[in-house]
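If you read the sequences in order, they're chains Z, A and R. Quick note: the first sequence uses our numbering, first residue 1, plus one each step. Quick note: the second sequence uses our numbering, first residue 1, plus one each step. Quick note: the third sequence uses our numbering, first residue 1, plus one each step.
Derived from the structure by calculation, the hints contain no laboratory data. Just to be clear, a hint being listed does not mean it is correct.
Under the rule of at most 27 Å between Cα atoms (straight-line distance), these lysine-lysine pairs were calculated in the BS3-like manner [what the hints assert, rightly or not]: (1) Lys288(Z) with Lys242(R); (2) Lys8(A) with Lys195(R); (3) Lys147(R) with Lys13(Z); (4) Lys154(A) with Lys276(A).
Here are a few chain R residues that sit away from chain A, every Cβ distance over 10 Å (derived from the structure) [said to hold, decoys possible]: (5) Gly51; (6) Asp65; (7) Glu66; (8) Thr82; (9) Ala121; (10) Gly171; (11) Leu193; (12) Thr203; (13) Glu207; (14) Thr239; (15) Leu254.
Positions of the beta carbon are idealized from the N, C-alpha and C atoms, including for glycine.
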Amino acid sequence: MITSNDIWVIGDKQIKYDLALLSKAHSMAEVCAGKVFAVMLYETDPDYCIRAGADEVYLLQGLEKIADDAAIAHALASLLRENRPGTVLFQATVRGRAIAPAVAALLSTGLTADCIDLKMEESGLLLQKRPALGDSIIAEIVCDKLRPQMATVRPGVLEDPTFQEKRTGKVSIIPIEINALVTKTGFMPAQSSELLSEAKIIIAGGVGIGSREGFEYLREIALQIGGCVGASRAAVDAGYAPYTWQIGQTGIAVKPNLYIAVGISGAVHHLVGMNASDYIVAINRDAKAPILQYADYAIVGEWRHILEQWFLSYQERKVCI
Amino acid sequence: MMSQNSKKHTEACRFCWMCRHLCPVGLTTGREVNTPRAKALLLSMVDRGEKFDKDIAQAMYECVLCGSCTNDCVTGFDPTIFIREARTMAAVEDLLPKAVEEIITNISNTGNIYGVQKPKYTGTAAKAEVLLYIGEVAACKQPTLVTAIMSLLKKADIPFTVLEEEPASATFLGDLIGFVEEVRIQAKDCANAINTSGAKTVVVLDSYEATTMKQRYPEWNCTINADVVTATSFIAGLIEEGKLVPKKITGEVTYHDDSRLARDLDEHEPVRNIIKAMGLNLQEMFLNRRMAKCCGSELLKAYAPELAALTAEGRWEDVNRTTADTLVVVSPQVMNVMGAKVPSAKQIKDLYVLLDQAC
Amino acid sequence: MNIIVCIKLVPSVMNLTMDQEYVMQRDRVVQVINPADEAALEAALRLKGNGSVTVITMGKPSGDDELRSLLARGVDRAVLITDKAFAGADTYATARTLSVAVNSLGNNLEDFDLILCGRRAIDGETGQVPPELAILLKLPFVTNITKINFNQGKIVCSRRLEEGIEELELGTPAILSLCEYSYPLRLATILGLQKARRMQIITLSREMLGLKKEECGLKGSPTRVRRITGQPQGIRNVTIAKNIDEGIARLSELIAEVPL
Numbered sequence: 001m002i003t004s005n006d007i008w009v010i011g012d013k014q015i016k017y018d019l020a021l022l023s024k025a026h027s028m029a030e031v032c033a034g035k036v037f038a039v040m041l042y043e044t045d046p047d048y049c050i051r052a053g054a055d056e057v058y059l060l061q062g063l064e065k066i067a068d069d070a071a072i073a074h075a076l077a078s079l080l081r082e083n084r085p086g087t088v089l090f091q092a093t094v095r096g097r098a099i100a101p102a103v104a105a106l107l108s109t110g111l112t113a114d115c116i117d118l119k120m121e122e123s124g125l126l127l128q129k130r131p132a133l134g135d136s137i138i139a140e141i142v143c144d145k146l147r148p149q150m151a152t153v154r155p156g157v158l159e160d161p162t163f164q165e166k167r168t169g170k171v172s173i174i175p176i177e178i179n180a181l182v183t184k185t186g187f188m189p190a191q192s193s194e195l196l197s198e199a200k201i202i203i204a205g206g207v208g209i210g211s212r213e214g215f216e217y218l219r220e221i222a223l224q225i226g227g228c229v230g231a232s233r234a235a236v237d238a239g240y241a242p243y244t245w246q247i248g249q250t251g252i253a254v255k256p257n258l259y260i261a262v263g264i265s266g267a268v269h270h271l272v273g274m275n276a277s278d279y280i281v282a283i284n285r286d287a288k289a290p291i292l293q294y295a296d297y298a299i300v301g302e303w304r305h306i307l308e309q310w311f312l313s314y315q316e317r318k319v320c321i
Numbered sequence: 001m002m003s004q005n006s007k008k009h010t011e012a013c014r015f016c017w018m019c020r021h022l023c024p025v026g027l028t029t030g031r032e033v034n035t036p037r038a039k040a041l042l043l044s045m046v047d048r049g050e051k052f053d054k055d056i057a058q059a060m061y062e063c064v065l066c067g068s069c070t071n072d073c074v075t076g077f078d079p080t081i082f083i084r085e086a087r088t089m090a091a092v093e094d095l096l097p098k099a100v101e102e103i104i105t106n107i108s109n110t111g112n113i114y115g116v117q118k119p120k121y122t123g124t125a126a127k128a129e130v131l132l133y134i135g136e137v138a139a140c141k142q143p144t145l146v147t148a149i150m151s152l153l154k155k156a157d158i159p160f161t162v163l164e165e166e167p168a169s170a171t172f173l174g175d176l177i178g179f180v181e182e183v184r185i186q187a188k189d190c191a192n193a194i195n196t197s198g199a200k201t202v203v204v205l206d207s208y209e210a211t212t213m214k215q216r217y218p219e220w221n222c223t224i225n226a227d228v229v230t231a232t233s234f235i236a237g238l239i240e241e242g243k244l245v246p247k248k249i250t251g252e253v254t255y256h257d258d259s260r261l262a263r264d265l266d267e268h269e270p271v272r273n274i275i276k277a278m279g280l281n282l283q284e285m286f287l288n289r290r291m292a293k294c295c296g297s298e299l300l301k302a303y304a305p306e307l308a309a310l311t312a313e314g315r316w317e318d319v320n321r322t323t324a325d326t327l328v329v330v331s332p333q334v335m336n337v338m339g340a341k342v343p344s345a346k347q348i349k350d351l352y353v354l355l356d357q358a359c
Numbered sequence: 001m002n003i004i005v006c007i008k009l010v011p012s013v014m015n016l017t018m019d020q021e022y023v024m025q026r027d028r029v030v031q032v033i034n035p036a037d038e039a040a041l042e043a044a045l046r047l048k049g050n051g052s053v054t055v056i057t058m059g060k061p062s063g064d065d066e067l068r069s070l071l072a073r074g075v076d077r078a079v080l081i082t083d084k085a086f087a088g089a090d091t092y093a094t095a096r097t098l099s100v101a102v103n104s105l106g107n108n109l110e111d112f113d114l115i116l117c118g119r120r121a122i123d124g125e126t127g128q129v130p131p132e133l134a135i136l137l138k139l140p141f142v143t144n145i146t147k148i149n150f151n152q153g154k155i156v157c158s159r160r161l162e163e164g165i166e167e168l169e170l171g172t173p174a175i176l177s178l179c180e181y182s183y184p185l186r187l188a189t190i191l192g193l194q195k196a197r198r199m200q201i202i203t204l205s206r207e208m209l210g211l212k213k214e215e216c217g218l219k220g221s222p223t224r225v226r227r228i229t230g231q232p233q234g235i236r237n238v239t240i241a242k243n244i245d246e247g248i249a250r251l252s253e254l255i256a257e258v259p260l
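Could you put the whole structure together from the sequences, leaning on the hints where they help?
This is the structure in structure tokens:
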């Protein structure tokens, strides 16, 4: 069997991103005359996958509780060896970024990490765009000699999925037997105020916050408005906030609708973690702080005073409603 | 074996010579080797194969690490980085000056630079939200300062505790042998002792130790769970909150910003606010706030007393240029160093002692 | 335990600056140990007990001094894999070179119990080498770890996922990748620095590893960078509030506009 121009999408846990990736795969498959296969590692309604663009859906069963990424990679690699698609795409989630390289190594092929854009050529060659060096450059990467060509795609960078109501496709259920060498013994879900990757509003503090108590105050405000609290590396280094709150190159990258940067000067490694936010507000007492250039709106003044004033007006309004 | 970072800083020097006009040591000795740029030059020679010998090691200790050159340098040249590393190198190569070695022995025997049993102090409670960290210089050499601070806290109705066995903050060891694991371990022990006390605020008497705790401890992963504040900020806060109401004293004073409050912590105004609250007329010295010229340090005085005498005299010259007859200080180190060289027409007073008398 | 730690030297993020086009300036940048690799090394030093810690790095021969500073912190052996032929390696070619190096070291010492890596490097930011290396060495692996313990012959670790922390257990040998700051690296001791002066750094070249030219570096890499474009760093057209009241009013509007 020779390699086709088919595109395989490995779906892992986050249905909205998986469907977006399927729609993207669908539009790329039209360019290179291939088909789209959805391989779902979790239980889900295959109809959504088909309407979003999949021609065939494989529901892999028995993987929900498996924490052994190497074992999952072995299962995927044997499926891929049988079917020989030209392209395999994963989500660039923590798990996706663990399983994908294992699969790539098993298939002795190339893998591009954390792509922010993909483009298919007629020949079936995939152009993979990814940022590097703290997002300051974009590298365009190809895997021109080996197949499959593989990429992990940063969640949230693709357009929302487009659904075609009348699409049909084949669904296969594949039970997978795994002898896991890694076992899961527990799980502690993150607190709602700490789910930064999903947050719509983030209030992030920098060293300008000046104390742990200041960060507690930020967290309280974030909880009140249904947002999350984040911190710059400098604030984490100063011991004001825990590492799990850190946003930036060595922390987490975020993309909320509204990002409020409080007392953050705007070091490059912080900017790369938050400049994809839809709207950025900077609150800083220094009108010359670099963060202001990267913000849509800025309030210059003492952060505590501003937030306290704002919070008073917010509570008044809440009472009115 | 110098780190790449150190090498970068030795090479960042553009040899413009402006730092020689700021170096408190170079200015008073007039020796070329005592300028920051000379130290950079010596270390770049070592990097190019010159032997790191006893003379070079000695030169690295003729520096107060005051940061004045760093503050003023346009190329971002920070001599304290490579001087500290060179001191580590001196320890590794067994080239420590004898006087320095003696102080290290004192620290390892007694935990303080003096090699004496550190006097004990007690707070108003065994457990309290406020912990007063006295530090070895004040504890051993400035008991009146400690008494004054404690009396002020009592007058402001602030219950406070003092560590029964106050560990060293690692400040002095870090200046002697550079930032090595031995120093970090000392810092960790200190942080642990503070954390065990359960205090929410640590009021640190010596601004040098406050700087170490606020700025170095986080880098070394020696987290202090409490907020660390300098005694000056804390006392200024008590006045602001109306918990301490000083009577007005008339008189003219001048104030010397010590290097840590001046440049590392950027705390220039709390002291001035205390002075103002007492109704004293402050005459600013030449080179104040961030630009303040260092008067020497207790550590320099311990291993090179003749040098510390020169740096103190250098700063007294600036005092002499003001019309004030009194120099007020808030640092036990400044009190000891400057206090040893008071010119006949002048006097030196501890601001906390004055404030305690006024409250 | 006998542990191998894979280390990469990267440009220090603290020193990165941007030029007027908002492109990072890399000259005058200091090479430092990748932050996540520091965590892996510290974890290894704490776990080793009576065993040994071997550090491996692939890079330019100038990495010598930085490796020596690791020997001064309690590392028993430092290996520098360096050869012009390794230049331009992508993650797969890197993992292949590292796997051959690990196998070649295995003959000199007892078998390894663990290989620890950082979860990703701050320059490439792929995080792909640890899983690829694991597959090539036929070992189980876990990525993104924030905590490790060794308990009755088993590795017990916490893994940070987007939605929470997973508690996992596995046997040895295995490959684990650690998150930045999970284990802040200790400093060098004076005694360690004295010892490190006399220690040798083991250098391995392509020939010594028995790798063919087409198996490593750019030639051995399946992926290829076709083009690099600078990206402006997201300068926005900022509006500065005329006064704090206006700012507070706008902030309220903005928060109200976010769909929750």
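Okay, the hints, checked on the actual structure:
| no. | hint | in the structure |
| --- | --- | --- |
| 1 | Lys288(Z) with Lys242(R) | 15 Å, holds |
| 2 | Lys8(A) with Lys195(R) | 25 Å, holds |
| 3 | Lys147(R) with Lys13(Z) | 24 Å, holds |
| 4 | Lys154(A) with Lys276(A) | 22 Å, holds |
| 5 | Gly51 | 20 Å, holds |
| 6 | Asp65 | 6 Å, violated |
| 7 | Glu66 | 7 Å, violated |
| 8 | Thr82 | 17 Å, holds |
| 9 | Ala121 | 17 Å, holds |
| 10 | Gly171 | 30 Å, holds |
| 11 | Leu193 | 4 Å, violated |
| 12 | Thr203 | 17 Å, holds |
| 13 | Glu207 | 29 Å, holds |
| 14 | Thr239 | 30 Å, holds |
| 15 | Leu254 | 31 Å, holds |
Checked against the numbered hints above, the structure breaks hints 6, 7, 11 and satisfies the rest.
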